[in-house]
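Spelled out from the first residue to the last, the chains are:
Protein chains: 6
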Amino acid sequence: MLDVVTLGETMVLMTPEISGPLRYVNKFIKQIGGAESNFAIGIVRLGHRAGWISKLGNDEFGKYILSFIRGEGVDTSRVKFDPDAPTAVYFKERREYGESRVYYYRRGSAASRLRPEDLDPDYIGSAKYLHLTGITPALSESCYQTVKEAIKIAKSRSVKITFDPNIRLKLWSKERAREVIMELAAQADIVLPGVSEGEILVGEREPEKIAAKFLGLGVGTVVVKMGKQGAYYATKSESKFIPGFPIEKVVDPIGAGDGFAAGFVTGLLKGYSLEKAVRLANAVGAIVTTVIGDVEGLPTMDEVLVFMGEREGIDR
Amino acid sequence: MLDVVTLGETMVLMTPEISGPLRYVNKFIKQIGGAESNFAIGIVRLGHRAGWISKLGNDEFGKYILSFIRGEGVDTSRVKFDPDAPTAVYFKERREYGESRVYYYRRGSAASRLRPEDLDPDYIGSAKYLHLTGITPALSESCYQTVKEAIKIAKSRSVKITFDPNIRLKLWSKERAREVIMELAAQADIVLPGVSEGEILVGEREPEKIAAKFLGLGVGTVVVKMGKQGAYYATKSESKFIPGFPIEKVVDPIGAGDGFAAGFVTGLLKGYSLEKAVRLANAVGAIVTTVIGDVEGLPTMDEVLVFMGEREGIDR
Amino acid sequence: MLDVVTLGETMVLMTPEISGPLRYVNKFIKQIGGAESNFAIGIVRLGHRAGWISKLGNDEFGKYILSFIRGEGVDTSRVKFDPDAPTAVYFKERREYGESRVYYYRRGSAASRLRPEDLDPDYIGSAKYLHLTGITPALSESCYQTVKEAIKIAKSRSVKITFDPNIRLKLWSKERAREVIMELAAQADIVLPGVSEGEILVGEREPEKIAAKFLGLGVGTVVVKMGKQGAYYATKSESKFIPGFPIEKVVDPIGAGDGFAAGFVTGLLKGYSLEKAVRLANAVGAIVTTVIGDVEGLPTMDEVLVFMGEREGIDR
Amino acid sequence: MLDVVTLGETMVLMTPEISGPLRYVNKFIKQIGGAESNFAIGIVRLGHRAGWISKLGNDEFGKYILSFIRGEGVDTSRVKFDPDAPTAVYFKERREYGESRVYYYRRGSAASRLRPEDLDPDYIGSAKYLHLTGITPALSESCYQTVKEAIKIAKSRSVKITFDPNIRLKLWSKERAREVIMELAAQADIVLPGVSEGEILVGEREPEKIAAKFLGLGVGTVVVKMGKQGAYYATKSESKFIPGFPIEKVVDPIGAGDGFAAGFVTGLLKGYSLEKAVRLANAVGAIVTTVIGDVEGLPTMDEVLVFMGEREGIDR
Amino acid sequence: MLDVVTLGETMVLMTPEISGPLRYVNKFIKQIGGAESNFAIGIVRLGHRAGWISKLGNDEFGKYILSFIRGEGVDTSRVKFDPDAPTAVYFKERREYGESRVYYYRRGSAASRLRPEDLDPDYIGSAKYLHLTGITPALSESCYQTVKEAIKIAKSRSVKITFDPNIRLKLWSKERAREVIMELAAQADIVLPGVSEGEILVGEREPEKIAAKFLGLGVGTVVVKMGKQGAYYATKSESKFIPGFPIEKVVDPIGAGDGFAAGFVTGLLKGYSLEKAVRLANAVGAIVTTVIGDVEGLPTMDEVLVFMGEREGIDR
Amino acid sequence: MLDVVTLGETMVLMTPEISGPLRYVNKFIKQIGGAESNFAIGIVRLGHRAGWISKLGNDEFGKYILSFIRGEGVDTSRVKFDPDAPTAVYFKERREYGESRVYYYRRGSAASRLRPEDLDPDYIGSAKYLHLTGITPALSESCYQTVKEAIKIAKSRSVKITFDPNIRLKLWSKERAREVIMELAAQADIVLPGVSEGEILVGEREPEKIAAKFLGLGVGTVVVKMGKQGAYYATKSESKFIPGFPIEKVVDPIGAGDGFAAGFVTGLLKGYSLEKAVRLANAVGAIVTTVIGDVEGLPTMDEVLVFMGEREGIDR
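Chains as they are written, first to last, in UniProt numbering: chain Y, 1 to 316; chain V, 1 to 316; chain R, 1 to 316; chain H, 1 to 316; chain D, 1 to 316; chain P, 1 to 316.
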């Protein structure tokens with residue numbers, strides 16, 4: 001019944017009204033963000049069915065997140081409310097030079113209390129793909145066990161696993177991140193690392209070498225995200241670099257990787273070739289950066305096709 | 001008593017506080033917009049007298065528009081309030097890639113009820129130029145008749161007619177737009193088409209060919225607007241391409257064409273050569289794009305001259 | 001499968017950031033409003049299942065409304081997008097004295113194109129109550145026919161009909177409103193008029209007399225809404241005035257009537273006595289007025305119980 | 001050609017977004033304020049013709065003020081721009097208890113450079129009433145001379161003089177204020193003091209005694225403003241206290257006195273009895289306090305009549 | 001060198017731009033709040049010297065809090081930055097009915113890592129009063145030990161101890177709160193409980209009985225805060241109820257208790273009688289509620305005196 | 001005890017919420033700005049001690065400025081409040097093309113009443129550097145005398161003098177500016193002119209020639225600021241051009257020069273070579289332009305080092 005199922009934490013995102021150091025920001029705008037729900041919303045926006053498994057605090061912010069994601073058309077029937085733990089919050093700091101920063105208030109959050117028992121094998125089994133990231137196992141031991149359980153379920157039901165490392169060094173050490181993420185990635189069918197993640201995980205910065213390392217572990221398909229430049233994909237039998245789409249003004253880069261993943265998996269669901277799927281992924285990732293917010297810029301299929309020049313725009 | 005008279009609809013413009021899809025925009029800023037009043041304000045800002053003929057709803061938005069335009073110094077003595085129809089509204093959607101979009105709420109508006117009887121021949125006759133656009137005839141049959149009546153009056157009183165096609169495919173079909181606009185343009189002394197309008201109207205995209213077609217209909221002067229690149233003008237006896245002024249950051253392109261027209265007619269009113277008038281038009285159009293809003297960026301003569309490097313700026 | 005089904009138009013609501021004449025309001029906040037979806041959200045917030053049937057423009061505002069209402073947990077599986085008509089918009093004007101005003105931009109909207117064929121008899125038949133208002137038949141002839149068809153379906157499937165006159169004199173004349181609304185109300189099981197509606201519809205201002213007139217038409221239960229004072233209900237066999245809950249500061253009265261209806265029907269669904277159901281309705285209506293927006297103040301059952309003093313609040 | 005002419009300074013008003021000490025206010029909203037232009041706008045809003053004489057800085061704020069007041073329909077043909085002095089600015093501080101405060105930045109402003117030569121006797125002579133306040137003579141010696149010249153012109157042309165003391169102790173000492181204001185008031189046909197102004201000017205706090213003092217100087221009509229309570233008027237032959245209109249929530253009291261004056265003079269222009277004119281003045285003053293800003297709440301005649309219960313409101 | 005020293009946690013406070021459920025609030029304003037720093041700022045505003053001991057995260061929010069409190073003139077020389085823990089955050093929810101709510105994100109915060117070793121005995125010893133609240137011991141075991149150590153230091157240096165129970169049931173159970181707070185309060189010279197705190201702590205709701213219980217423990221002075229009604233104080237030798245100051249519109253009640261404490265201690269520092277000190281405390285507490293924010297409304301001595309009618313206000 | 005002492009006026013800065021002509025700006029954000037306090041804050045942010053001498057109005061804006069600057073850690077113990085003069089205000093106008101403009105409301109301000117007697121020789125003598133600008137002597141005769149007195153004190157106590165011409169032609173004529181600034185600069189150890197200031201002061205636009213002129217007057221070190229390009233420094237014995245750091249998007253250039261000065265003096269305090277100090281100055285100036293506001297973008301030493309690529313950034 002689902003095309004894709006995913007699990008992870010979604011937080012209320014407080015976006016500063018202006019760029020610059022947070023200490024001088026007077027107003028913040030409430031949005032939401034979470035790698036996995038970003039991905040699920042992207043999948044739905046592009047025309048497929050997605051389910052999102054999570055836990056939320058039984059508070060105003062938890063209800064806001066549920067309404068938002070359900071409103072986007074993602075199936076939220078397996079989301080639970082935890083009466084004893086809060087919904088997580090994070091603050092973004094937008095800078096005109098250097099990288100944006102984030103400040104998490106997620107320790108002890110409802111989502112960090114996800115446990116293997118929260119998983120419904122039939123629900124996961126009803127999907128074609130299970131999408132996981134390296135954020136969830138970093139949240140808590142029970143989250144780590146939940147991810148491993150999800151993988152077990154998926155494998156037993158022939159659900160393909162896509163894995164995005166999404167290393168967050170604010171959550172754990174490089175060493176621990178490497179150890180756990182490599183353990184999980186090795187069980188995935190598709191892995192989607194970035195270049196700097198390649199360096200941390202397998203000690204390589206060249207896309208070809210990064211891909212080779214993952215292929216060597218038994219991963220079927222590796223797509224190395226190279227930011228504005230594009231992406232490189234490789235399987236045992238084919239590989240290619242696909243250039244990205246130039247964006248004049250990147251407004252907010254956060255969420256681009258999740259959009260990339262949603263574009264890529266959508267391509268697979270549509271039966272695209274890997275090359276065509278990566279091209280779609282590049283386009284979705286690029287569009288996401290033109291709007292402030294993690295999910296607000298996720299495009300519909302029509303919008304991507306117009307953006308890629310494959311369809312004419314609508315008359316104004 | 002007037003240098004220029006124009007007629008058309010002005011709407012309350014709801015400008016989104018941030019760029020991106022409107023569904024995620026939380027706040028909107030109230031401004032105004034309407035091709036002809038944009039033009040009239042441009043003329044006044046540049047130092048000449050302009051009158052604007054229209055109908056407004058007898059509601060808060062109608063009063064707002066009247067106050068705004070009267071406040072700018074445009075003569076509004078011939079604007080009427082219609083107690084039975086609302087003032088129109090439109091929403092802008094600003095995008096960082098692709099084109100901005102607009103959403104109209106103008107069907108059955110007060111201005112769409114303009115009728116030939118609303119025109120005062122002496123008022124039109126007191127001006128040197130009558131400025132018309134292809135938007136008004138698209139609003140309703142009575143508006144179409146009103147435009148034709150205005151042309152008749154102008155011709156009988158030796159008022160020169162400037163015509164900006166301003167095709168709005170949200171208001172009518174390409175076919176109907178072409179038919180009516182060509183009928184009206186053929187009666188104008190000066191026509192100011194854009195390149196893509198040339199394609200719709202006369203099936204050409206090259207400025208020289210577009211101009212030739214209009215000259216062939218008996219139009220005296222054609223100025224083809226080429227966006228950032230500049231503009232090309234042609235009469236029976238002369239023609240030239242005038243390069244535009246580079247703008248580092250286009251903030252809002254809507255209204256640039258109206259500013260261009262205001263700059264060009266101002267040049268004519270000042271007795272400039274066509275070349276100099278087009279150069280002024282290019283500069284005004286460019287400046288308009290640096291400010292959010294249709295009219296807020298319209299410059300004074302001093303500001304244009306400083307912008308064009310023909311006068312020194314004021315000390316800070 | 002549903003407790004309640006309803007049908008009607010929902011509009012994007014532009015709420016002014018400050019009170020006072022709209023011409024001086026600079027910023028507007030985007031919300032949503034529509035009597036029937038307000039009601040449906042109220043039902044869900046209070047713990048029951050509601051479905052909402054409507055048509056939306058295939059535009060950003062239509063998508064926003066769908067996401068919002070679906071996000072609230074209302075079933076929107078029968079909502080259609082009309083590619084040829086826009087989503088309606090309305091502006092509120094908040095005044096510190098006198099009544100708030102509204103400005104509609106809904107003529108020719110997608111929802112005004114609802115037709116009898118848009119109704120799924122099985123969907124309506126799956127609910128216990130069908131909630132209708134006097135707004136929908138005022139939108140267009142096809143909407144009027146749709147409401148009549150819905151009544152026919154409900155009657156054939158033993159679905160009880162609740163009807164809120166909701167007279168909008170901006171949409172039709174008093175005469176036409178009276179004629180149509182009385183025709184429809186006469187077929188309802190429960191009618192919920194306000195006092196001034198009673199005057200327009202049956203020429204009475206006293207709750208007892210208003211109720212008597214409707215009972216005389218065969219309506220089973222009449223609840224006359226009396227604003228802050230409370231409400232009066234009557235059936236053939238019982239009647240009583242139930243005083244309202246005092247609210248220190250009414251922030252926004254719009255939406256209170258829809259909240260009242262949601263509270264009353266919730267009471268019926270819970271098997272409350274009429275007296276207890278009206279008391280709940282009074283409380284819900286009162287709470288709604290404490291928050292800006294049509295639906296933002298709709299309470300959960302817990303919140304109403306605390307408000308009514310029937311349950312202790314949570315520790316801060 | 002004018003019903004009323006007035007002269008004085010108008011400032012850009014920076015209104016704090018929230019109430020409380022200004023040091024903690026982060027955002028300010030730009031509006032305008034000036035006792036005499038408030039009055040002139042009030043007159044026009046109520047249906048008569050008003051002209052406003054002033055000087056503005058040749059800067060963005062000066063142009064804003066001119067556009068605003070001209071937009072409201074006040075004749076601004078006699079307003080001059082001074083290239084060498086700035087437009088004045090003032091900040092309001094809104095408090096929930098005690099009185100609002102203002103912080104002026106008007107010393108050396110363009111308006112403080114008004115001189116007798118700036119007056120056009122024919123312009124003043126074309127009006128029925130000249131309205132003056134005690135603010136203008138406090139701005140500078142040349143402003144004081146200008147006011148005296150205006151009085152001379154009015155007297156020579158049979159223009160009636162209305163005078164509102166408007167004592168501003170931030171601009172001069174009590175002693176100097178009393179001396180100059182009494183000198184000017186003695187020449188007016190109508191004087192409109194407040195109670196606390198009565199205390200400063202004539203040493204009395206009782207309306208009857210205040211009025212008696214002014215009548216003793218030869219003033220024809222005295223109207224003592226008593227805030228929420230209402231007003232007391234007196235001539236040689238009649239006198240009466242007229243109660244005010246209760247306002248549930250005063251949002252911003254500044255500008256109420258100017259609205260009162262506009263209401264009163266409008267009454268006179270309409271040929272009302274003094275009693276009826278004062279009643280109108282009370283209503284206008286009350287309505288003004290319901291909107292933030294000096295002029296934004298000034299009502300039309302229709303709105304006042306509905307407010308006073310003399311006309312039915314419009315259907316929503 | 002200090003009049004007062006205090007210790008505790010200060011958080012970044014996210015204040016909703018509008019009242020109502022947080023899930024519908026779009027914008028939040030950054031402020032600060034913390035019972036003890038509120039108190040310290042109040043003391044400085046009223047003219048005395050205060051020092052605040054705390055720990056902050058070495059992040060933007062920590063720097064913001066330090067700048068704010070230092071900017072207010074509180075001595076922050078003993079505040080430390082903890083590189084390994086974040087600055088706490090809390091969200092306020094403003095409701096028009098019922099009580100405001102708060103949502104804490106303070107678990108594991110920098111301030112929760114305060115330890116006894118962070119205290120400088122000489123610093124505490126340089127003050128006349130040490131002010132403590134029941135919040136700090138609820139934050140962590142080390143905070144509890146720190147408070148006990150502070151009491152020990154104060155007692156050894158003859159620094160008087162004021163204690164405000166400030167029960168926060170979001171931080172601990174009623175039982176644990178009672179146990180610890182009673183242990184600490186028993187060592188204080190002055191205790192300032194509220195009525196509902198009296199119920200939790202000593203099982204009484206009548207001010208006289210609450211006071212008697214604390215006096216029985218050896219506390220020298222007890223002041224029972226009774227909200228709008230005022231306060232009741234008692235020592236072994238005297239007792240009295242002092243009525244509060246009526247406030248027309250309470251904008252934000254949070255922080256009133258801290259203002260009360262600051263007013264009371266200021267009275268003691270000035271050598272006021274207990275009656276006069278409590279009257280000052282009532283006034284300060286009342287004024288605080290008229291401004292949004294915990295500290296923004298804290299008055300200067302001049303402002304309180306004007307508010308209490310003991311001094312004339314400044315001319316506008 | 002201080003590393004640097006400076007003196008001058010700080011104003012409340014009203015920053016427009018959007019760019020474009022101020023007449024269309026609806027909201028303004030309150031910040032602060034003043035060349036010397038910008039510099040002092042820069043010094044403290046970079047890790048050294050700074051004291052700021054000034055006078056403020058005894059009003060809300062004066063208290064705001066004091067709290068802000070004290071909050072930043074600058075010593076404000078020598079700042080006085082003047083009860084008889086207001087704190088100055090200035091408005092910024094941000095333009096997307098051409099230069100930003102400022103509108104001052106500073107005539108007769110508290111700071112313009114600084115007098116030589118306000119200086120404490122021991123305070124100035126406790127610093128290593130005295131930083132002066134050409135703005136202060138332009139404010140009033142007494143300010144001019146105060147600057148001269150400060151120079152005398154510094155020289156008598158071996159405090160080095162840094163001087164930034166900061167010519168403000170809104171405050172005085174070119175002729176008077178040149179005369180006074182050259183008189184003062186000649187007594188400085190270090191002078192920091194911009195290129196266009198070089199033209200006004202010494203009639204040269206080439207950095208080498210500008211520097212030569214100042215060196216010829218006896219100035220020890222000259223650093224010519226060349227905007228984005230970088231800076232050129234020269235002493236009797238060495239000279240070099242140091243290229244600037246490219247900034248993709250300059251958000252607000254105002255304050256960059258003050259940041260440059262703070263960076264340069266910090267370099268000297270750290271014992272850097274002139275070349276290294278100028279490089280640091282270039283970096284600080286560049287970073288300042290990436291944030292709206294005069295001081296909000298001033299970086300810490302860590303941030304500059306990361307920006308210059310001399311230290312790795314923190315993990316996100």
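These are calculated hints, taken from the structure and not from any lab test.
This one's a predicted model, so the numbers in the text were calculated from it and none came from an experiment.
It is possible that part of the hints are untrue.
Copies of one chain are not kept apart here, so a pair can be met inside one copy or by any two copies together.
[As the list claims (entries may be wrong)] Restricting the straight-line Cα-Cα distance to at most 20 Å, the calculated cross-link-like pairs of lysine to aspartate or glutamate (EDC-like) are:
id, residue 1, residue 2
1, Lys249, Glu60
2, Lys170, Glu312
3, Lys174, Asp84
4, Lys155, Glu310
5, Lys170, Asp302
Cross-check of the supplied hints:
Taking the shortest alpha-carbon separations for Lys249 and Glu60, neither the intra-copy value of 34 Å nor the inter-copy value of 23 Å comes in at or below 20 Å. When the C-alpha separation of Lys170 and Glu312 is checked against a cutoff of 20 Å, the pair qualifies only between copies, where the shortest distance is 16 Å, while the shortest distance within a copy is 43 Å. Only between protomers do Lys174 and Asp84 lie at most 20 Å apart by alpha-carbon distance; the minimum there is 17 Å, versus 31 Å within a single protomer. Taking the closest pair of Cα atoms, Lys155 and Glu310 never come within 20 Å of each other, the shortest separation being 37 Å inside a single copy and 47 Å across copies.
For the identical chains of this complex, Lys170 and Asp302 are inter-copy neighbours only, at 19 Å across copies versus 37 Å inside a copy, given an alpha-carbon limit of 20 Å.
In summary, the structure is inconsistent with hints 1, 4 from the numbered list given earlier, while agreeing with the others.
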